[in-house]
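*Asks:* Make the full structure from the sequences, and use the hints.
So the chains spell out like this:
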Amino acid sequence: MEKRFMKGNEAIAESAIRAGCRFFAGYPITPQNEIPEYMSRKMTEAGGVFVQGESEIASAYMVFGGASMGTRCMTSSSGLGICLKTEALSYMAGARLPAVVVNVSRGGPGLGTIQPSQQDYNLITNGPGCGGFSCMVYAPSTVQESVDLTCKAFDMAERDRNPVIVLTDGCLGAMMESVELPMPQTPGENLEWSLAKSDRQARIIKSFHLDPMDQEQFNENMADLYKSWDDNDVAVELYQMQDAEYVITAYGICGRIAKAAVEELRLGGVKAGLLRPITLVPFPRKQLAELNPQKVKKVLSVEMSIPGQMFIDVREALSAEIPLEFLGRSGGVVVEEEEIVSAVYKMKG
Amino acid sequence: MSRPTSIKDCASGYCPGCLHGVAHRIIAEIVDELGISQDMVGVMPVGCASLSFSYWNFDSIHGAHGRAPAVATGVKRCAPDRVVFTYQGDGDLAAIGLAEIMHAANRGENFTAVFINNSIYGMTGGQMAPTTLEGMKTSTSPKGRDETTEGYPMNMCGILAQLDAPYYIARFALNSPQNVLKAKAGLKKAFMAQLEGKGFCFIELLTNCPTNWGLTSLKSLEWMEQNTMPAFPLGAFKDGGVRV
Amino acid sequence: MVRMLIGGFGGQGVIMLGQMLGAAAISSGKNATFYPTYGPEQRGGTANCAVVISDKEIGSPIVTRPDVLICFNQTALEKFLPTLKPGGMLFVNSSQFSKEHTFRGDFYVIRVAADTLAQELGNAKVANAIMMGAVIQKTEICTPEHAEAGIVEELMSKSQLHEVNIKALKCGMLAVRS
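Protein chains in written order, with this note's numbering: chain F, 2 to 350; chain V, 6 to 249; chain X, 4 to 181.
Take the hints with a grain of salt, since some may be wrong.
Pairs of lysine-lysine, BS3-like flavour, derived with a Cα cap of 25 Å [as the list claims (entries may be wrong)]:
no.: 1; chain 1: F; residue 1: 198; chain 2: V; residue 2: 203
no.: 2; chain 1: X; residue 1: 102; chain 2: F; residue 2: 4
no.: 3; chain 1: F; residue 1: 153; chain 2: F; residue 2: 228
no.: 4; chain 1: V; residue 1: 224; chain 2: V; residue 2: 203
no.: 5; chain 1: F; residue 1: 198; chain 2: V; residue 2: 193
no.: 6; chain 1: X; residue 1: 161; chain 2: F; residue 2: 43
no.: 7; chain 1: X; residue 1: 59; chain 2: F; residue 2: 272
no.: 8; chain 1: F; residue 1: 198; chain 2: V; residue 2: 187
no.: 9; chain 1: V; residue 1: 148; chain 2: V; residue 2: 187
no.: 10; chain 1: X; residue 1: 173; chain 2: X; residue 2: 102
no.: 11; chain 1: X; residue 1: 59; chain 2: X; residue 2: 82
no.: 12; chain 1: F; residue 1: 4; chain 2: F; residue 2: 207
no.: 13; chain 1: F; residue 1: 4; chain 2: X; residue 2: 33
no.: 14; chain 1: F; residue 1: 349; chain 2: F; residue 2: 298
no.: 15; chain 1: F; residue 1: 207; chain 2: V; residue 2: 203
no.: 16; chain 1: F; residue 1: 198; chain 2: V; residue 2: 13
no.: 17; chain 1: X; residue 1: 59; chain 2: F; residue 2: 298
FYI, nobody ran anything at the bench for these hints, they're computed from the structure.
*Replies:* Listed below in structure tokens is the structure:
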């Protein structure tokens, strides 16, 4: 393991290359520019290809093409660019192609702000594109986790033959932190399904069906896949939860800040705990549903989105007997530890 | 005349008299003649030729409307050992996919772009395309294309030939046996240029749409000669990287 | 935990100083975060950054109430001085202020003539490394050896600059040694 002090965006790019990513196409948009810039320097050194696409759309389709050849591929953007990529995401999901898509999110709607936010939760978790599909969504909360989850995203994308989204934000992307980088992997060949050259019958990569029954069968297969995620792939950090009376739910950058708030609250004698979803899809419904109303007095959902978006999923999962409150910041304002601490004290009464 | 092995032995879903079949056939013949069937990746469009996934006897990818040149870029960059072509109609290439074709051409991507121009959207029922002729009636230009509000037919060969990177850009028509032979020779030249790593080649094929033009097969060929071909002159626009 | 804010004009080495301090803390075995904020201008705007150094896990990388404030110019001082925690430390690039300028409040003031010293060393761009020397000398967030390691890591590809920056680091330490 190699330890470095790295910027979140660059750490994602470096770990992608180490995970065997050999094709990257992207388009400039703040606050993710360090990813394509890093790729333009390092991808060719690794024997891969970097293309600056003419648009977000084209970049995503270049990834579609590269993925068809069995190459580990990535694209990245921020919310408003991800919107444009959703067309290709749908086609990739329909054609069963693996790819990793990074969203370094910023304020919105529209052009919004270039500062960090979590306004893209709904866009990303509710099936980012037409036709009703899902992508697994990883939401790292440290630069180290950005590295680990980016690597894992490639494995999962290939396992499921489905795009995986890594959702970070402008803060995690721009900040530097100590990371341990994984050993470089040699990418596999995916010969069993890809169009990589080999001696075999002709293959077709498509999301198009002439027979409605075929499309329905496809949708049923995908439903089974999504169900298997709920059963096997949920990742969640539970911190100080054994005896927690006041539980904070928060993901991504908010998750780490909430963790510090829990520390602070514990010092003040408050039995606070953190439930931090690491996968947003699949969402840790079970872990939330299991919170015992006899023990947990209240839950606070902390997000950098207004109105609350994850809040809705938390409410749905949580026992109706547990009151849920909301602390949101948006527009590029990063929530402060002190705000969370005060919100819990206020909630406690 | 026997069936090229690069096309499967099946009935096509194209309308009677449609020239897609001829375009497919000459591509398949070239693939057979060059012995590159195992190397081929065809990137197919959205439109009537979406159906082609069950016809080719080599690898194919069916992407989205307008995006084939971006998909082909990813394919060829990741697998330079494959021979790649895109196959797009006029709505696909010249309207929704204008950015993708322009930039793939401008990067000089080493694949062969085949452009099927019949001046109309076929699959969706005969709507106006960027290549619809002035005054031509379609389901969305019922009084005929009015250039004052709908612009002029786009000359894609002429537009792309303004770029420095493309190696070979040429327009052919599939209206007669002689012209089909010329088109095949041009297409073959484009595929061979790709094999030699010369870069981007663009072959426009003028075709028909008897169904949406509301004509018989034979009449549609006459109409092509009288209307389409004068509006879109045949010949090379760039050859060997040089403007003609 | 030490929370630092560094402010100045773009081009004064503010961002690099933050990165070097972070890397130095990492090499000493601590946790550190660095977080930059820029004005919307590509050139000539303000450049600020936050550095958090801790033995424990760090929550927010954003610093709104610094323990240590490092100001390279008047603008940064005006903007951030009100946020400095009572009892905190203010490092000022005194080359940018008149001799008569006083800094009053419930904080320690450490004047470092960073620009002047850098010019004396023959490289105006090492004002940030001089400031770094002053900061590690006064805050003891890491040893000089770890500070050197931080400089080397951040200037990895520019080995011709290692020596002058390490020299500047030592110069900054000396300048504030009482």
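*Asks:* Are the hints correct? Go through all of them and say.
*Replies:* Evaluated hints:
1. Proposed proximity of residue 198(F) and residue 203(V) is supported: the alpha carbons are some 21 Å apart, at most 25 Å.
2. This hinted pair does not check out: residue 102(X) and residue 4(F) have alpha carbons roughly 44 Å apart, beyond 25 Å.
3. Restraint check: the Cα-Cα separation between residue 153(F) and residue 228(F) comes to about 19 Å, which is no more than 25 Å; the hinted pair holds.
4. Of the pairs offered as hints, the one joining residue 224(V) and residue 203(V) is violated, with about 39 Å between alpha carbons and a cut-off of 25 Å exceeded.
5. For the suggested pair residue 198(F) and residue 193(V), the alpha carbons sit about 22 Å apart, so the restraint of at most 25 Å is met.
6. Note on residue 161(X) and residue 43(F): the hinted pairing holds, with a Cα-Cα distance of about 17 Å set against a maximum of 25 Å.
7. With a CA separation close to 20 Å, the supplied pair residue 59(X) and residue 272(F) stays within the 25 Å bound.
8. Note on residue 198(F) and residue 187(V): the hinted pairing is violated, with a Cα-Cα distance of about 31 Å set against a maximum of 25 Å.
9. Taking the CA atoms of residue 148(V) and residue 187(V), the gap is about 35 Å. The hint is violated against a cut of 25 Å.
10. Among the hinted pairs, residue 173(X) with residue 102(X) is consistent with the structure: their alpha-carbon atoms are about 24 Å apart, no more than 25 Å.
11. Of the supplied pair hints, the one linking residue 59(X) and residue 82(X) is violated, its CA atoms being roughly 29 Å apart against a limit of 25 Å.
12. Between residue 4(F) and residue 207(F) the alpha-carbon distance is near 42 Å, which puts this suggested pair outside the 25 Å criterion.
13. In summary, the hint linking residue 4(F) to residue 33(X) is supported, as the alpha carbons are separated by about 13 Å, within the 25 Å threshold.
14. Our distance criterion of 25 Å between C-alpha atoms is met by residue 349(F) and residue 298(F), whose separation comes to about 8 Å.
15. A hinted pair counts as satisfied when its Cα atoms are at most 25 Å apart, and residue 207(F) with residue 203(V) does not qualify at roughly 29 Å.
16. A hinted pair counts as satisfied when its Cα atoms are at most 25 Å apart, and residue 198(F) with residue 13(V) qualifies at roughly 20 Å.
17. A C-alpha spacing of about 29 Å is found between residue 59(X) and residue 298(F), which places the hinted pair above 25 Å, so the restraint is violated.
Of the numbered hints listed earlier, those contradicted by the structure are 2, 4, 8, 9, 11, 12, 15, 17.
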